[in-house]
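K.L.:
The residues making up each chain are set out below.
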Amino acid sequence: MASPKSEVLQGTLDLLVLKTLESMGPMHGFGIAVRIQQVSEDLLQLNQGTLYPALLRLEQRGCVVSKWGISENNRNAKFYSLTRAGRKQLAEEAENWDRMSAMINRVLRTS
Amino acid sequence: MRELCRAFLHRLASLFRRRHLEADLDAELRSHLEMAVEGNLCQGMSPEQAHRQALLELGGIEQTKEIYREQRGLPMIETTLQDLRFGFRILRRSPGFSVMAVLCLTLGIGANAAVFSWVEGILFRPYPAVSHQEQLLALTGTARAESGPTDISWPDLLDLQRSCTLIDSFIVSKIMGTTLSNGDRAEVMVGSIVSANYFDAIGVHPILGRGFEPGEDSGRNAHPVTVISFQLWQGRFKGDPQIIGKTQRLNNVEHTIVGVMPDGFYGTFVGWAVQFWVPASMEENFEAGGYKLEDRSARWIEAYVRLKPGVTRAQAQQEISAVARRLEADYPETNRGRGIKLWPLWQTPFNNSGTLLPTLEIMVAVVVFVLLITCANVGNLLLVRSFARRHEMTVRLAIGAGRGRLLKQLLTEGLILSAFGAAGGLVATHWCSHALVLLFPARGGVAMHLPGEIDWRVLAMSAGVCLLATLVLGLVPAMQIGKIDVAAALKSDSAGVLGGGAKAWARSGLVMVQVSLSFVLLVGAGLLLQSLQKIRNTSPGFSTHEVLDTAVNLVPAGYDAQRAQNFQDELLERVKALPGVESAAFARMTPLSYRSFSSTPIAVDGYQHPSEEQPTVQYNEVGPDYFVTMGIPLLSGREFTRADDEKAALVAVVNETMAAQYWRGRNPIGERVQVEGRWMQVVGVAMDSKYESVREAPKPFFYVPLRQNFDRSAGLYIRTPLSPETMATALAREVHALDPDLALYEVITLQEELDRSTSPQKVALTLVGVLGALALLLAAIGLYGVISFAVSQSSRELGLRMALGADASNLLRLVISRGLTLTGGGVLLGTAAALALTRLLGNLLYKVSPRDPLAFGSALVVMTIASLAACILPGWRAARTDPARVLRH
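Protein chains in written order, with this note's numbering: chain G, 88 to 198; chain W, 16 to 904.
Any given hint might turn out to be false.
Stated by the list, open to error - Each computed DSBU-like pair below joins lysine-lysine, with the alpha-carbon atoms no more than 30 Å apart:
id, chain 1, residue 1, chain 2, residue 2
1, W, Lys-307, W, Lys-662
2, W, Lys-80, G, Lys-106
3, W, Lys-356, W, Lys-714
4, G, Lys-154, W, Lys-307
5, W, Lys-862, W, Lys-549
6, W, Lys-662, W, Lys-777
Source of the hints: derived by calculation from the structure; they are not laboratory data. No experiment lies behind these values; they were computed from the predicted model shown.
Start from the sequences and build out the full structure, keeping to the hints where you can.
P.N.:
Here is the structure:
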C-alpha cells in the first residue's frame, strides 16, 4: 500500500484492453483484468467492473467479438478476441497516445 | 460515422433481447467472480475473505450491472417505455378519473377539430382540387341604388379582361339547376355555365377528354359541348370508358360530352356539388332572359379572378375600379352608378360561404369556450388526484427518485391521457366533418354539399391542443413536487392533515372560470332561442300553413312562350278542379326562398327622388288569384284577373310602403308608374309582407301580371288544407296527363320554405344549446368536486361546529352558501364576459338586444339550480357528520 496507485485515465481503458488482447490472444474478462494489473505491476487501480462496459463498447463498435468457451481451469467463460477493425483501431489509438504523451512530456519539460 | 451507426443499431437491437442479454451478463459476472475467488483462495485467504476481496475488486455486482446496462441499451428510450408502462398501470388503477379525463379531452379536441374542419372546408379552402386558392378572389358588381352586390354583364367582363393588367384571369362560373334527361329518367341536377378558360384558370384538368377550348364561350349557341363530373360519369354513365364523344340532352339540347373531371372536384360553388359544365355560349339554353352575351344591361354572371403573383387585393381593386369608372363614362345608360368589387374567397357573397360566415364565427367562439371549460375541468380532476398521489410522490422522492424523473413520469401520464383524447377527438372529427350538411335540408331535391376538410392545419391544431392539455395535466401535480419537504411530508401525511390554501384557491378559481364560461354559453343560447321564437312569431304577411308551393320547369322541356302559357292555363284549370283545392295561381318567384327578386328602376308622376339616380324597386310577376291564394290582403283596389293579359292595358299592384313612399298619402289607384319605359296603371294596394327574409324591414315592392311579363319558369301556388304529400301525387298525375316528359319539383308548404330560410339561426341555436348544456354539466361536476372535497377536508371543523351546537341544517346551509359563493363569482365574471361577447351574435339576433335581461336572468336561474344540485349531496354528507367519530381521529 506504500506505493501510490494510479486511476485508469479516461479513455485509456479501451486502449489497454485492445493491447492486452493483441498480445495475449482471445481472453475472458477476468483474465484481461488480471493481465492488465500484472503488466502494470499492480500500480494501476482498476475497478474490474468497468471492464465489462468497456468490452461491450468495443464489441458495439466492432473492435472485438465475444464467444462463450471453456477456461484453462475448466470453467464456462466468455472469451473476447480482436477483429481486424480492432487491430486497426489499436494501431491508431496507440499512435495517438504516443503523439499525445510526447507532446505532454515536451510541455512539462519546457515550462 | 459508420461505427456510430453500428453502435446505435447494436444498442437498439439489445432492447429487444433484454432477457437473453441479462442472463448472459449474469453468467459472465458469475464466472468472473468464481475465477477471482479461486485465485484468492490459492493465495491462502479464507473463503469469506476471498469472496469479499473478489467483490471489492469487481466493484459490486449490481453496480457493475447498472453501468453495463447503460452502455448496452438506450437509457432514454428504456426509461420512457418504463414511464409509459407505469403510466398505463396508474391510469388503469383509477378508471373513473381516466375515463372522465379522456372524455373531456375528446369532447374538447373533437369539437374544435370538427368546427375548424368546417371553417377550413367552407371558408378557407372551399375547393380542394383548385390550385393556389389564395390567389382567387370573388368578383361582383355594385350599384349605388342597391345595397347588396349585383351580378356582372358579359360585355363588362370582357372589357375588364382586356384592360386589367394585374389580374391573371377572369373566371366565370354561374350555377344553375337543370333537368337532365336520359331515356325515361329526368332529374334535376346542378350545373355551371363557365368561361372557356375555366378549367385552365383554376388548374383542374380532366381525367378523360378535354376541357373547353378558347373561343367555345362565344357565338350564340355555337358550342353544344359539356364536361361532366366524376360522380356523374360513375353514377349515371356507369364509368363508361367510351364516354367521350357521346351526347347528353341538357335542357332539351343535345350536348357532346368532351371531358370528365377528376374525383374530388365539385366545381366552385360552396354548398352544391356541380355535376356538369357548359361554355357560356350555351347560356341562352339554361338561363331565363334570352341571349345575353352582347347585352351590357343583362347582369347574370358570377365570377372569380386569379391575381398575378405578388399582387394584393387592394392593388387589383384599384385597377378594377378605374376600369369600372371608364365603363361608367363610356356606357352611361347601362353603367351609371355601377362599380365592380373584389371579395376575399371566404366572403364570397353569391354562394353559401357568405350565408354561413356568421354561424361559423359563432361556432368557433363556442368551441373555444368548450375547450377552455374542458381544460379547466381536466385541471380540476388532476388537482383532486394530486392530493391522492401526494403520499406516493413523497415516498418515491424518499427512496431516491430524482425530481426530474418524477416530472417526466407525470408528463408521460399527461401525454397518455391527451393522446387518447386526441385520438378520440380525431375519430369524432371524422364523423362530424360531413355532419354540417345534415343541419341543412335539401333544396329542390338536390342535397347540399358542405364537406369538412381535415388537413394538416386541423391536425396541427389538435396536436397543439393536445400539447397544451399535456402541459396543464403534467404541471398541476408537478407544481407541488418542488415544494415537498420529504421528511415533513412523510410525517404529516400519515397524520392525514391536508393543507394547501393555495391549491384550494386554484381549484375554486378553475370552478369560477368554468361557471363563467358556461354562463356565457347559456346567455348566448337564450338570446338565440328568443330570436328564433321572435322569427317564428313574426307574420310574413301571407299564409304559410295552407299554401303549397311547387314548380314545373318548362324551359328545359323546350316549351316556347305560347306553349308554356297554354300548359299553365290547362294545368291551372285541372288543379282548381281537384278536390280540396280552394284556389291556385302561378307566380315567378317564391317569397323567402333563397333567390332574390328582380329589381327595376321606376318613375312615378310627380315624384322627385332625393338623389339623381332613378329609384329601384323589387317586383314579382304574378298570375290571377295570386293574392287570394297567398292570403295577402288587398287594402284597396283589385287583384289581377284573367283579363289582364298581353292585349289589355298594363297594370300593377303596389304594396303599402311603396304607396306611402311614392304617392305620399294620396290614393295611388288610377295613378301611373313607369317601369323600364312602360307606363302601368296602379289597380290595387296590397298589404306589406316579407319578401326575402323574415327579418327585413318593410320595403317598397310591386306586382305585375304574369301574362304581361311572361316567364316560363313560374312556380305554382295552391291554397288547400291537404298535405303536401297528398297533393304531390294528384299534381304529378295531372302534369303527367298533360305531358309525360315533364318533371314536378318537390311540393312543400310555404311554412317549410320559411323554416328553411331560418336554418342558420337553427344551426347556431342547436350548437350553442348542445354545447351550452354540456358546459353546464361540466361546470356542475367541477363544482361538485370542489365542494365535496372541501367537505371531506374540513370534517374536523364540521364535527367541531356540530359538537358546539350547530345542527344539520346549519351545516347544510354552510356548505351550500360556499357553493353559491363560487357560483356567484363565476356568474359575475360570466356577466361581464357575456356583455362583451354577445354582440358577436350580431345579425343572427332578431328583435332581441344582445343585453336582453330575460336571457341573462334565465341563464342565472339555470346556473343557480345547477349549482344547488351540485351542492346538495356534499351538503347532505356534511350534515350527517358524526362529531364523536370525527373528533376522535
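K.L.:
Could you tell me which of the hints above the structure violates, numbers in ascending order?
P.N.:
4 and 6
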